[in-house]
Amino acid sequence: MKNYVISIGRQLGSGGKEIAEKLGAMLNIKVYDKTLLEVAARDSGLDTTVFEDADERETSGFLNGLFSIHGSMSNYIPGDSYMTNDKLFEIQSETIRELADKEPCIIVGRCSEYVLRDHPKKLSIFITADTQERIERIMEKESLNHEKAVEFIEKGDKRRRSYHDYYATTHWGEARSYDICVNSSRMGIEGTVNFLYNFITNSFV
Amino acid sequence: MSTTKNKKIPTELGTENIGKLLMQYAIPAIIAQTAASLYNMIDSVFIGHIPNVGAEAISGLATTFPFMNLSAAFGAMVGVGGATQLSVRLGQRDYDSAKNILGNLVTLNVIMGCIFAGVSLIFLDEILRFFGASETTLPFARDFMQIILYGNVVTHLYFGINAALRASGHPKQAMYATIITVVMNIILAPLFIYALGWGIKGAATATILAQCITLIWQTRLLSNPNELLHLQRGIYKLKREIVSGILSIGMSPFFINAAACIVVIIINKGLRSYSENGDLSIAAYGIANRIQFVFVMVVLGLTQGMQPIVGYNYGARRHDRVRKALMLTIIWGTAVTTLGFIISEFMPETVAKAFTTESELIDKAAWAMRVMSIFMPLIGFQLVTTNFFQSIGKVNKSIFLSLTRQVLLLIPLLIILPMFIGEEGVWYSMPISDIIAAMLTIVMLYIQFREWKRESNNL
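In the order they appear, the protein sequences are chains A and B.
Those letters in the first sequence? Residues 1 to 205, per my numbering, in order.
Those letters in the second sequence? Residues 1 to 459, per my numbering, in order.
Okay, chain A solo, but in the shape it has when bound (with noise of 0.2 angstroms):
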């Protein structure tokens, strides 16, 4: 009997995070989101700040495509062993599979729900909010003023969305690359944790 696994999406300010840690307390499971990075640095002996400088980024652009060819063109090098954020997410994607079958667990973003796509009981869920409530979240959490906050918010949705896209063949926060999303603006936070909670165990009954 294989362990449950549950992918979380998340707009940047949808609570998802809380969401996340939320659930994982009322299923009594592990939750990973940057902590997965700390697993895959010392399951490679890399140190930690390799795996977040290539976390979630912006991957396409002029310049990391020219950062591509040389990928491609060393190929000729026995263990193909670049260091490139390709070959990063690669061992970043096989340490959240390792994770997936050790035990049950909750997964945040990292295009999870891709990376698990053949795992046979696995949920995936994608979060969003009003934009409003994305605001004012952002304005707390990070204390910025409304402008600024309208801003991290953009930046932060194009880069998820040009990483996710990048490395899965599904689409970020769209609803077919999902078994489920939801806009925690309309039951609110705990609402959203009680609603997902039954959605969840009654999936895996």
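Rather than coming from a laboratory, the hints here were simulated on the basis of the structure.
On a predicted model such as this, the values are computed, not experimentally measured, just so you know.
There could be a bad hint or two in this list.
Which residues of chain B face chain A? A few of them, derived with a C-beta cut under 7 angstroms, are [what the hints assert, rightly or not]:
1) G14
2) S97
3) G234
Below, simulated DSS-like cross-link-like pairs (lysine-lysine); rule was C-alpha separation at most 30 angstroms, straight line [as the list claims (entries may be wrong)]:
4) A:K158 / B:K394
5) B:K99 / A:K155
6) A:K158 / B:K397
7) A:K148 / A:K2
8) B:K99 / A:K121
9) B:K397 / A:K34
10) A:K121 / A:K141
11) B:K397 / A:K155
12) A:K155 / B:K239
Not everything, but these chain A residues come out facing chain B in the computed CB check (under 8 angstroms) [to be verified]:
13) G45
14) D47
15) V50
16) D53
17) D86
18) E90
19) S93
20) V115
21) L144
22) Y167
23) T169
Where a beta carbon is used, it is the ideal one built from N, C-alpha and C, also for glycine.
Given the coordinates of chain A, assemble chain B onto it according to the supplied hints.
Only chain B this time, still in chain A's reference frame:
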């Protein structure tokens, strides 16, 4: 398929002796790079020895080099873009998406190859004149280029499928393909050129035929149904998302290759307008440039071997090993270009004789090699350091440094210097750009080391 093994980075990169690692990683890359650079030289060598064919044919051939660069630029756009996407998908064991990328890569190569060949054939004379051909050299360039363009689709497919082979876990077969093509070209070229008497057309035919045969072998390799990823029905229909993905990644390699093409055009045009004998100067540049290219390619192979070592140890915060790997590669890289320097300065006639039998051209090419190689030992250092910045993720610095030598400094120099000192200005632009770029590189490397020192003092 070897991509399913080796998931994790080999930890030997963090422990094994640096010198040994560098040998192990660099030698296959150096072999592949040398084969690739020989590939570019074979035609020039054989054509240079056709009896009664003089500097005009060699000059005509030299004006086709930027043309080949441009064709390679379009090929690289599809090949590199497709291969990069392919390796990401294979890393995720997502074979369904991977096979569609492979199919789309093939289709795009065919389309791109046909369009490029079609447009080029229609405007062939105009393009060749723009690239520096004169009325005397044009017929030779046309003869050669026509056949190359008829086979353009084969060329694009050959490079595209080779990139796909590498990305799909067959780097050895991809290397064999390169070597086989070179060897076949060496066998076929004299047969067609001298024995059958096809002359310059024979050289082009040999090039295309060698690629054709290798392509058949590559296709057979990739059609093996036992492989998870293989050529099969239903994967060739273009999908908008895959195509836009391939092209957006392929844009940068396209521009790099296109920049190389533009620089050669500017040099050819400069030589044409300022030299008393433009055809002779262009032919001499073609020869000298090819010689320098061999040494540059060997150093690039060396840096490919350095990259995983530096990349891993930088990631593992082993700055001592990073520094050691860099220093060792700089020493080797400088040794290689110093050898090039010695050959170019002290025995250029001997080398030039490999490319031509005309005494006037031998003298000019030898003179050109002497001028172009004045600061050649520094090129090794410059190339290694540029790639070093790339392996530690400082991509912007790396691109800046590689553009300075070949584009940012060179192009203005090529335009301004000849206005004051004529033809010599074109030639001296190259070493001047080398030395300025090397100085910039030293400064940037010094700044980087100082930063690290400060960091480690703060710890």
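Which hints, by number, does the structure contradict? Failing hints, ascending: 3, 5, 7, 10, 21.
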